[in-house]
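**Q** Below, each chain spelled out in residue letters.
There are 4 protein chains.
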Amino acid sequence: MSTIPVGILGATGMVGQQFIALLANHPWFRVEWIGASERSQGKTYREACAWRLPAPLPDRVATMKVEATAPGLAPKLMFSGLDSSVATDIEAAFARAGHTVVSNARNYRMHATVPLLIPEINADHLGLLPAQRRALGWEGAIVTNPNCAVVVLAMALAPLRQFGLDLATITTMQAISGAGYPGVPSWDILANVIPHIGGGEEEKVEKEGPKILGALQGGAVIDHPCRISATTTRVPVHNGHTGSIAVSLKQKPPLEAVVDAWQSFRGRPQALGLPTSPPQPVVHLPEVNRPQPALDAARDGGMTVTVGRLRECPVLGYKFVALGHNTIRGAAGAAILNAELMREEGLL
Amino acid sequence: MSTIPVGILGATGMVGQQFIALLANHPWFRVEWIGASERSQGKTYREACAWRLPAPLPDRVATMKVEATAPGLAPKLMFSGLDSSVATDIEAAFARAGHTVVSNARNYRMHATVPLLIPEINADHLGLLPAQRRALGWEGAIVTNPNCAVVVLAMALAPLRQFGLDLATITTMQAISGAGYPGVPSWDILANVIPHIGGGEEEKVEKEGPKILGALQGGAVIDHPCRISATTTRVPVHNGHTGSIAVSLKQKPPLEAVVDAWQSFRGRPQALGLPTSPPQPVVHLPEVNRPQPALDAARDGGMTVTVGRLRECPVLGYKFVALGHNTIRGAAGAAILNAELMREEGLL
Amino acid sequence: MSTIPVGILGATGMVGQQFIALLANHPWFRVEWIGASERSQGKTYREACAWRLPAPLPDRVATMKVEATAPGLAPKLMFSGLDSSVATDIEAAFARAGHTVVSNARNYRMHATVPLLIPEINADHLGLLPAQRRALGWEGAIVTNPNCAVVVLAMALAPLRQFGLDLATITTMQAISGAGYPGVPSWDILANVIPHIGGGEEEKVEKEGPKILGALQGGAVIDHPCRISATTTRVPVHNGHTGSIAVSLKQKPPLEAVVDAWQSFRGRPQALGLPTSPPQPVVHLPEVNRPQPALDAARDGGMTVTVGRLRECPVLGYKFVALGHNTIRGAAGAAILNAELMREEGLL
Amino acid sequence: MSTIPVGILGATGMVGQQFIALLANHPWFRVEWIGASERSQGKTYREACAWRLPAPLPDRVATMKVEATAPGLAPKLMFSGLDSSVATDIEAAFARAGHTVVSNARNYRMHATVPLLIPEINADHLGLLPAQRRALGWEGAIVTNPNCAVVVLAMALAPLRQFGLDLATITTMQAISGAGYPGVPSWDILANVIPHIGGGEEEKVEKEGPKILGALQGGAVIDHPCRISATTTRVPVHNGHTGSIAVSLKQKPPLEAVVDAWQSFRGRPQALGLPTSPPQPVVHLPEVNRPQPALDAARDGGMTVTVGRLRECPVLGYKFVALGHNTIRGAAGAAILNAELMREEGLL
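Those protein sequences? They're chains A, B, C and D, same order as listed.
Heads up: the first sequence runs through residues 1312 to 1659, numbered per our numbering.
Heads up: the second sequence runs through residues 1312 to 1659, numbered per our numbering.
Heads up: the third sequence runs through residues 1312 to 1659, numbered per our numbering.
Heads up: the fourth sequence runs through residues 1312 to 1659, numbered per our numbering.
Calculated directly from the structure, the hints in this document are not laboratory data.
Among these hints, one or two may not hold up.
Identical copies go unnamed one by one, so any copy, or any two together, can satisfy a pair.
[Stated by the list, open to error] In silico SDA-like cross-links for lysine to any residue, where the CA-CA straight-line distance does not exceed 20 Å:
#, residue 1, residue 2
1, K1561, L1478
2, K1563, R1538
3, K1561, W1344
4, K1518, H1337
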């Protein structure tokens, strides 16, 4: 199978670097084009980018020239790690010019005709694309993945929809890598907790969740009726967003049924054997003090969401803890899985 | 006014050290006796104790001899920072022998005739003491303060009882000093979150809360009818337990009324002008990203609980964040305030 | 005694905030004027400044209007916490206009006629001021304090000059507050060591040290002949620069003589009883694992340098560890002490 | 090639766990026997051990029964991660009974007939084994690897012996994993530096270094004549000991020659292609702010020592920074490489 050339928008940022690291040995996709802001253009990637991952910067990418973030010679398949301050226009320009933009930016997530995709949960939301083309007149398309905090919640809740998911509350303890680079100043977060994350983080969790969990009906997504309340905080952790979650389930199942629902949950990525797909997308850990970001976030390449501490909640019914790797399952890995799904569904 | 001699049980531990630091310049109480486990007995306090606070170890205490934890020559007023594994028998022995034990240990907190005291909230629970003497046949008495996580919740909820407090959920992010010393190994908590705290922490929060908020009726405490659900986690912070709290209030007041309730909340310590009493026990911080342990836990000597981020909760009604200093407001300072209250109420 | 009005240049930065915190209750100086960059001008200080210290922002300063950093109505005595990128011109403008600029910026430190002052060590270097006025034609003057890493080294070495100080090596472990705000990104330093500090930190240590330790002769400072080698690193600590130091002393004294030299070291601030002066500027800690930034940096209001672990060095002669609070003893507190000295020497 | 059964002494500790993680997929060695202290004996490894590594506990080992630490049915080749408090007798008992003990414990490192091995540096020190058998009357043998701080220094210095290595000073910033588990309490090290490491860490560095760098002559090791001075400190880092090093080289080579010496340094493991051998044992990083533990310690599976920041030292000649992974290159990986070398040299 010949590999598919891909481009990366916002290649020098934290998510852009994670794209490059994850695609270094990808069996299907090959980075052929990188774009970043004016300051970086014309430099080699090595010059333009302060590489900040423990994984080595691949030599092949290091010597590529950084391009302007405009269509033209870019590959048809584009991954976007653009900052939300610039993503609206740039992503639209690429989609208009016929590119498929698989984006981590928040800008189009809540657009009615843009899939907000977690392939295990709502692979069928790709069915929005014909409506997107009609509505926006684009030759190409935009497909998005959720906010890095939402993905943890949505993965833990999706298997519980069968029990009549009604209400969910989440308090997150989010890693600093979620804020990009330079991101959170060390003076603010070292040995501290900041009980607020800017950019409407809580609203994102409360709104993106029902869309992700919703059903495609008549070419449109009908939000799931569950109500979500989020409190998002920042903690001094490198990678891995932890969520303390409580849920109300209309037909309250026994504890074991909830664990079974998580353990047996599979989706299209597992059925199709997508390269970035984890074997079991939600893994229940029986130990009393897990999941923990330092020990569990990187499981299965960072694509598995781990859950634990399931127990009765005197107020809502059940409560538990969930964890996912925010720059992999919650950003670059999510987008790559989306692109893999699209390829296997014949949409590239 | 002549000072009152006091003794400290469990003097070498984290809470014991905090007692000594806080009493170093106390206007009423003077440490005259220190007791600790067999390993320390007979040594000077300086020899027995690895002093771990930035505040200097007072010279006067440093040279005291550590005594066995048995009554005898100990002062009448005893502060207890004993570990729960030994507190049951030792505290009872002192109370039986006529001492007033003002304890931070959990062992007697839920006993029906033992006051679980936060002087701003339930100073009248000292009215349990006659029943305690009758029930247990002690000449002395035991008075307790709540678990360090409960105190944050209870202080934030007490002013809201007037609105028909019904349900409360809390996810805590607790400081490492709450685990004592050596406490949490650095390998476990550095740049990590541990979503579990041993020793029944969550049960304590769920059970102690209603007792503290309850009413004294006919010489007994009737638990407050609110239901509480707690998830307790450990984060790499030195001091200060943060709680993400949501509440259901039967008569849902406007946001401003909730802020007013906090800001205007005062209790017996403020009325009596107790030395360790903060001028305003609950302080609302208007900044969007407060309270934070590194910035706010030590406010007013660590005796003030700060709250912030009050906003609508789509699930329960209101949500907010509260913070308190766990070894001061949540342990040694709490006990000292209890003793100050007892003195002014003529109970010493 | 009536108080002296002072102004603060660079008032919104980390050092500027520390100036305001330290001057809040100063017996001699009263902040009457604050200046900062264009972005802040015209706002109140509270609006312009993201206050980041645990000490509360004084209300009186919070409501002051931030001025442009130009002379005019500013008080005669100015403290400067300006960034080095702008300090050269602004400080000169103030000095030219007759102000006394007591600066923490590095720009004029190595100028031949500018005192690089640590009052305990070289109070007589104020004797450079007549030459400064002649050389630069200023009505006013600039006086500087050393780099925050140098001050720790210089304070520890000054008492050893009597033994024929010949060589010194230092490896620092510097706190993040030394990088200002936002300073070091948390992604870079959380649970990490960065073995390099930008802006010529090591050169500053190697060059400023001999000037500080040097002698005033004939109206000029003759550098001390010791040779210094510095390696400067950043560690995840809030406040307090630690130095691992080795020295070669020509007449190698016994260990006790070195300890005595530190313990008995006093200077003009102690003789004059300056308000910010620590009672003992260098304190030797006998415990085997001290000094530690978390326990010792804030000693005596952050103005004391602590030393410990003195022992034989197989290569240079002696080695030890020294520690000082970088934003107090190494910045704002240093400048305030300099101004106090100048006032008592009749130079304001 | 059939695999060789191995046993692990001290299997539940930090180093023991690292042995098990590193041997999980080893091409030559297969863990068949695990021994630990009495408390663990008779339990399965999963029951006995609180597994604390992000790498998963291999299922095959998890179900093994923990044995008493006595010879008998144990395999001939034993890895020892024993605590030094018990290693002397246990390791001797195994060696006497004919086992080859490849030990990370310090107890026999400085024994005149025990190789203190870093295979890239002194593979020929295995020539001590005949003398060991004669001297101690053992059927088996003990071979050791250095202290985790020494290995970083020794690897960086070995390539410089050719230039007349004369003096070396090192200040280490050591990771918490070096203290084992539970090791350093979080209260002591969070956002702090502890300028002391117990157990004679500095003496180990100063004494083990010359033995490792020494020459085998007439069946005995002659210490290298360089003099070493060490200051060892603990910093809040998970893995990776950083050293700030200065050296005096008799024939002072140009900077480039030093870099070349590191980059071209190879030893027996590279010649033999040992499985755990890094391709290039010492790697020079040209970036101004490297090596850093968070980015560089895990390079090549944690077996590479990285160096950087080479520059002139005004006092000793040259200075630089070196880094190595303390529980891999400095402990379990080191011992495994030693065993691999012995196998290829026909000594198992």
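**Q** Run every hint past the structure and note whether it holds.
**A** Taking the hints in turn, this is what the structure says about them:
{"no.": "1", "hint": "K1561 / L1478", "verdict": "both (9 Å within a copy, 19 Å between copies)"}
{"no.": "2", "hint": "K1563 / R1538", "verdict": "both (17 Å within a copy, 19 Å between copies)"}
{"no.": "3", "hint": "K1561 / W1344", "verdict": "neither (49 Å within a copy, 51 Å between copies)"}
{"no.": "4", "hint": "K1518 / H1337", "verdict": "neither (32 Å within a copy, 48 Å between copies)"}
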